[in-house]
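Chemist: What follows is each chain in one-letter form.
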Amino acid sequence: MEYIGEHPLPGNLGYLLVIIAFVSALASALGYFLAEKGKSGFEKIGRAGFIIHAVSVFSVVGTLFYIISQHYFEYNYVWSHSSMSMPMRYIFSCFWEGQEGSFLLWMFWHSVIGLVLIKKAKNWEFPVMTIFALVQVVLASMIMGVYLGDLKIGSSPFILIRELPEYLNLPFTQNPNYLSLPNFADGRGLNPLLQNYWMTIHPPTLFLGFALTLIPFAYAIAGLWRKDFTGWAKPALAWTFAGVMVLGTGILMGGAWAYEALSFGGFWAWDPVENSSLVPWLVLVAGAHLLLLVRNRKKAVMAAFIFNLLSFILVLYSTFLTRSGVLGDSSVHAFVDLGLNGQLLVYLFMFLGLALVLFLARMKDIPRSKDDDPLWSREFWMFMGALVLFLSGIQIIFTTSIPVINKVFGTSMAPPVDPISHYNGWQLPFAIIVSVMIAVSQFLKYKDSKIKEVAKKLSLSLVLALVVTGIFSWALSMTHALYNALLAASLFAAFSNLDYFLRVVKGQIKNAGSSLAHIGFALVLAGALVSTGNQKVISQNETYIAEDFPVNEHILLNYKDTLKMGPYQVSWMDQYQEGVNRYYEVAYFKESASGKLEESFRLQPFIQMNKTMGNVAEPSTKHYWNRDVYTHITYAELPEDGKKDPMEEQWGNESELKFTPNKVDSVIYAQSFIILDSLSTRGVSGNANSLSVKAHLKVVNMLGEKSYAEPVYEIENNFVRSIEDSLQSSPSIKFKFENIDANQGIITIKAWEEKRPEDQFIVMKAIVFPYINILWLGCILLFLGTFLAVIQRFRKA
Amino acid sequence: MKTSHILLLVAIAVAVGFVISTLGDASTYVTFPSAEAQMGKKVTVIGELNTNKPIDYQAKKNQLSFFVVDSLKNEREVLYGGPKPQDFERSEKITLTGYAKDSVFIAEKILMKCPSKYNDQNTVEASSRLNY
Numbered sequence: 001m002e003y004i005g006e007h008p009l010p011g012n013l014g015y016l017l018v019i020i021a022f023v024s025a026l027a028s029a030l031g032y033f034l035a036e037k038g039k040s041g042f043e044k045i046g047r048a049g050f051i052i053h054a055v056s057v058f059s060v061v062g063t064l065f066y067i068i069s070q071h072y073f074e075y076n077y078v079w080s081h082s083s084m085s086m087p088m089r090y091i092f093s094c095f096w097e098g099q100e101g102s103f104l105l106w107m108f109w110h111s112v113i114g115l116v117l118i119k120k121a122k123n124w125e126f127p128v129m130t131i132f133a134l135v136q137v138v139l140a141s142m143i144m145g146v147y148l149g150d151l152k153i154g155s156s157p158f159i160l161i162r163e164l165p166e167y168l169n170l171p172f173t174q175n176p177n178y179l180s181l182p183n184f185a186d187g188r189g190l191n192p193l194l195q196n197y198w199m200t201i202h203p204p205t206l207f208l209g210f211a212l213t214l215i216p217f218a219y220a221i222a223g224l225w226r227k228d229f230t231g232w233a234k235p236a237l238a239w240t241f242a243g244v245m246v247l248g249t250g251i252l253m254g255g256a257w258a259y260e261a262l263s264f265g266g267f268w269a270w271d272p273v274e275n276s277s278l279v280p281w282l283v284l285v286a287g288a289h290l291l292l293l294v295r296n297r298k299k300a301v302m303a304a305f306i307f308n309l310l311s312f313i314l315v316l317y318s319t320f321l322t323r324s325g326v327l328g329d330s331s332v333h334a335f336v337d338l339g340l341n342g343q344l345l346v347y348l349f350m351f352l353g354l355a356l357v358l359f360l361a362r363m364k365d366i367p368r369s370k371d372d373d374p375l376w377s378r379e380f381w382m383f384m385g386a387l388v389l390f391l392s393g394i395q396i397i398f399t400t401s402i403p404v405i406n407k408v409f410g411t412s413m414a415p416p417v418d419p420i421s422h423y424n425g426w427q428l429p430f431a432i433i434v435s436v437m438i439a440v441s442q443f444l445k446y447k448d449s450k451i452k453e454v455a456k457k458l459s460l461s462l463v464l465a466l467v468v469t470g471i472f473s474w475a476l477s478m479t480h481a482l483y484n485a486l487l488a489a490s491l492f493a494a495f496s497n498l499d500y501f502l503r504v505v506k507g508q509i510k511n512a513g514s515s516l517a518h519i520g521f522a523l524v525l526a527g528a529l530v531s532t533g534n535q536k537v538i539s540q541n542e543t544y545i546a547e548d549f550p551v552n553e554h555i556l557l558n559y560k561d562t563l564k565m566g567p568y569q570v571s572w573m574d575q576y577q578e579g580v581n582r583y584y585e586v587a588y589f590k591e592s593a594s595g596k597l598e599e600s601f602r603l604q605p606f607i608q609m610n611k612t613m614g615n616v617a618e619p620s621t622k623h624y625w626n627r628d629v630y631t632h633i634t635y636a637e638l639p640e641d642g643k644k645d646p647m648e649e650q651w652g653n654e655s656e657l658k659f660t661p662n663k664v665d666s667v668i669y670a671q672s673f674i675i676l677d678s679l680s681t682r683g684v685s686g687n688a689n690s691l692s693v694k695a696h697l698k699v700v701n702m703l704g705e706k707s708y709a710e711p712v713y714e715i716e717n718n719f720v721r722s723i724e725d726s727l728q729s730s731p732s733i734k735f736k737f738e739n740i741d742a743n744q745g746i747i748t749i750k751a752w753e754e755k756r757p758e759d760q761f762i763v764m765k766a767i768v769f770p771y772i773n774i775l776w777l778g779c780i781l782l783f784l785g786t787f788l789a790v791i792q793r794f795r796k797a
Numbered sequence: 798m799k800t801s802h803i804l805l806l807v808a809i810a811v812a813v814g815f816v817i818s819t820l821g822d823a824s825t826y827v828t829f830p831s832a833e834a835q836m837g838k839k840v841t842v843i844g845e846l847n848t849n850k851p852i853d854y855q856a857k858k859n860q861l862s863f864f865v866v867d868s869l870k871n872e873r874e875v876l877y878g879g880p881k882p883q884d885f886e887r888s889e890k891i892t893l894t895g896y897a898k899d900s901v902f903i904a905e906k907i908l909m910k911c912p913s914k915y916n917d918q919n920t921v922e923a924s925s926r927l928n929y
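From first to last, the protein sequence lines are chains Z and H. Using the working numbering, read the first sequence as starting at 1 and increasing by one per residue. Using the working numbering, read the second sequence as starting at 798 and increasing by one per residue.
These aren't lab readings, by the way, just hints derived from the structure by calculation. Do not take every clue at face value.
To be verified - Straight-line C-alpha distance at most 25 angstroms; calculated SDA-like pairs for lysine to any residue:
1. Lys906/H to Val404/Z
2. Lys857/H to Asn581/Z
3. Lys857/H to Tyr669/Z
4. Lys838/H to Glu553/Z
5. Lys890/H to Glu656/Z
6. Lys564/Z to Glu599/Z
7. Lys564/Z to Asp628/Z
8. Lys839/H to Met413/Z
9. Lys611/Z to Lys850/H
10. Lys750/Z to Ile852/H
11. Lys870/H to Asn406/Z
12. Lys870/H to Met413/Z
13. Lys881/H to Gln540/Z
14. Lys407/Z to Ser888/H
15. Lys364/Z to Val807/H
16. Lys611/Z to Pro882/H
17. Lys906/H to Gln427/Z
18. Lys881/H to Asn406/Z
19. Lys850/H to Glu656/Z
20. Lys370/Z to His802/H
21. Lys755/Z to Gln855/H
22. Lys560/Z to Tyr854/H
23. Lys370/Z to Thr825/H
24. Lys890/H to Asn406/Z
Claimed, not checked - Which bits of chain Z does chain H cover? Going by a derived footprint, with three or more residues having C-beta under 8 angstroms, they are:
25. 386-399
26. 422-436
27. 702-714
Here a beta-carbon is modelled for each residue, glycine too, at the ideal position from N, C-alpha and C.
Put together the whole structure using the sequences plus the hints.
Modeler: What follows is the structure in structure tokens.
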């Protein structure tokens, strides 16, 4: 059957290209494998295979971009992730919003890195590229979307909606003109929450980071394979630090995104998805530092293999955790299960098995140092630091894996109810130890150093750190002992590395990499601690504490009313709408010396109204050099479909007043007594089937002022009609005679109060994060430092 | 004994510490009656939202009240200090972290298992297209 208006060509091309990519990667892996085994000529197959593979991957990427940009909504991926109204600058975000696209992004980076390695890896090319090609075989199969009997292999981004298994044999799939149906005219679009520049830069950075962890893995396998247990460290070193840089940047970007644009209320929440990218990074940092020991001193060879192999395995494990739906009960980042669970697990065990078998087979040959490193040698401290980082990663992944442990052992453990204190309980001590090690080891020499000299060099930094900690601790009244210890330790690390940079490196920028990176890392720790550990919810509600409720961290603001909130007086000034966003302008005032209120700043937190995905509150933050005032709306009345905008609605607070004449003839409404004085009945002239009942209502307000209303209820030939009546006085109330229940003798009258603008309100949360700029400064220095170090290492390599 | 052996022992000790602390901090998934047997203790309950009973948000209190049926069909009223999460009614399963107090359950955190936020073509959208 011919379908009208379909564009099957790019889809078929896409399928074909994925299969070519799969086959060529397989050929490349085999070619390189045989070449490494010494079969001459096969390296040509390896190289050609990988180049064909890379070109196919780039073409698949191009094809997917093409169908998204052409709005071919017959494709499920296009329909699910894009729409006509979406600005073209978000095309990248659409591309990797779905899982198939993110696998493709990952493959794209592997292809790019693979091409570079073919050029640059020289005598390590064959074994390293064998691993690269093998991984690409696996990833290509994840987006193949073919069935072997009932077994689904991969999920294709090129599947048509009518081919989806859940629509099999439905009438529309038999309709040649189904694309003219209204549902296919436009796609569902990109989740508006993801329509921002972060979504454009965060995923590619993170996936490049993931892709880079494959390099130390591949080199480690190559080292084991060739029984060259130390030679792989030198070529792998620069790449591994590049991974540290890119993956670290990606993770921190995620934190900055959460802080700037999402109402999670902070930078880091120990969410399982955040954890599962942090852990490979921690292990990668440990592995990278051990590579330095292997290269410089031929030490810690065994641990260097374990860490560098594990980092990539942990990336695969994170992919499994976040993509398989196993975290469904414990994470806010829920991904839908594409039915690829089994496949992901098979691959995870395949690479774990490969690494493990090879490692165990070679273990007895791996060189071990016979004598212990002296206590005051750089290698001892670096090794200890790496070990602590590794342990810290293992602790995080262990707790994050509770759902997996439940699945495997059939237990029903729930993740810790207070994850922050659980993780902090372990991670604070680890961070303290690591900070001290960063502070000390720069000044230690390889082999051995004179402790007295080192202590002398370090004493200035230590004193400075203690003084600054004292100042912060006093200014922010920090009482937690561990917090103070971590602040002191991280500042010690920062000052000591600054000292090293000035006195030893003598301020030469090209050699500044490691010092700057260490300062950055220490400042990230210090900044996170000072800002998050001392955050203060200033919207703590003092005027209204709900019954039966622990604490209320939200403030209720009436329109134009001014309330005290922490050190400020706040006032909700205005609301306005731009597109789907509804902004709430809130002014902050401070009392000046003369006692007058002066406006300090205004914030515009907003709510993104989103029919398909639900409404989302987005924060607005005032940045000062020494603190941030972070706010977001937790409640505001929003216009509903088919109803008037609440801003324009005249009447509100609808209520049904029930009277039983002679028993209950007065009720309280709108802070007034509503009294049913009497009912008067009369027929409508000339019609025996009609009746008109008038209620004589007396309203007594708080001041004792009386006013009257007379709503009418008419029955005429079985038709019912109500004549509303409203009060002109204050409060203005509208009455409608709703019903007479003759059997019970109950009279129902509906009442509305006139809405005054000042009755509208919003509920808001506000948090002050002190000195959060230390954190951002740390992020920038960490990036710059690792960048310089990578450049320098590539130059030397 | 070599330093490396001592290090190994310390590392193993720390790792054992992880297991113990995780088991200690890990809460268990419980039902409402067992939450009530330990009033005020933080627990995790998994259940289903009863959509036939009122889901009421009182903005002035910033309090959401709703009814949840746990795995053993016990139903309780739940109070939560926040507005109604998006797609609340669509949730298949709700994970509540909180504690029992008198006759209600106070939820400090709610997590819904939904058709995914990022990628849900399978449930709600699907049913609207099935008519063709």
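Chemist: If a hint holds in the structure, say so; if it doesn't, say that too.
Modeler: These are the hints, each one checked on the structure:
no., hint, in the structure
1, Lys906/H to Val404/Z, "holds, 22 angstroms"
2, Lys857/H to Asn581/Z, "holds, 23 angstroms"
3, Lys857/H to Tyr669/Z, "holds, 18 angstroms"
4, Lys838/H to Glu553/Z, "holds, 21 angstroms"
5, Lys890/H to Glu656/Z, "violated, 36 angstroms"
6, Lys564/Z to Glu599/Z, "holds, 13 angstroms"
7, Lys564/Z to Asp628/Z, "holds, 18 angstroms"
8, Lys839/H to Met413/Z, "holds, 14 angstroms"
9, Lys611/Z to Lys850/H, "holds, 24 angstroms"
10, Lys750/Z to Ile852/H, "holds, 23 angstroms"
11, Lys870/H to Asn406/Z, "holds, 22 angstroms"
12, Lys870/H to Met413/Z, "holds, 20 angstroms"
13, Lys881/H to Gln540/Z, "holds, 20 angstroms"
14, Lys407/Z to Ser888/H, "holds, 22 angstroms"
15, Lys364/Z to Val807/H, "holds, 23 angstroms"
16, Lys611/Z to Pro882/H, "holds, 14 angstroms"
17, Lys906/H to Gln427/Z, "holds, 23 angstroms"
18, Lys881/H to Asn406/Z, "violated, 30 angstroms"
19, Lys850/H to Glu656/Z, "holds, 21 angstroms"
20, Lys370/Z to His802/H, "holds, 12 angstroms"
21, Lys755/Z to Gln855/H, "holds, 18 angstroms"
22, Lys560/Z to Tyr854/H, "holds, 24 angstroms"
23, Lys370/Z to Thr825/H, "violated, 48 angstroms"
24, Lys890/H to Asn406/Z, "holds, 18 angstroms"
25, 386-399, "holds (count 6)"
26, 422-436, "holds (count 3)"
27, 702-714, "violated (count 0)"
Checked against the numbered hints listed earlier, the structure breaks hints 5, 18, 23 and 27; every other hint is satisfied.
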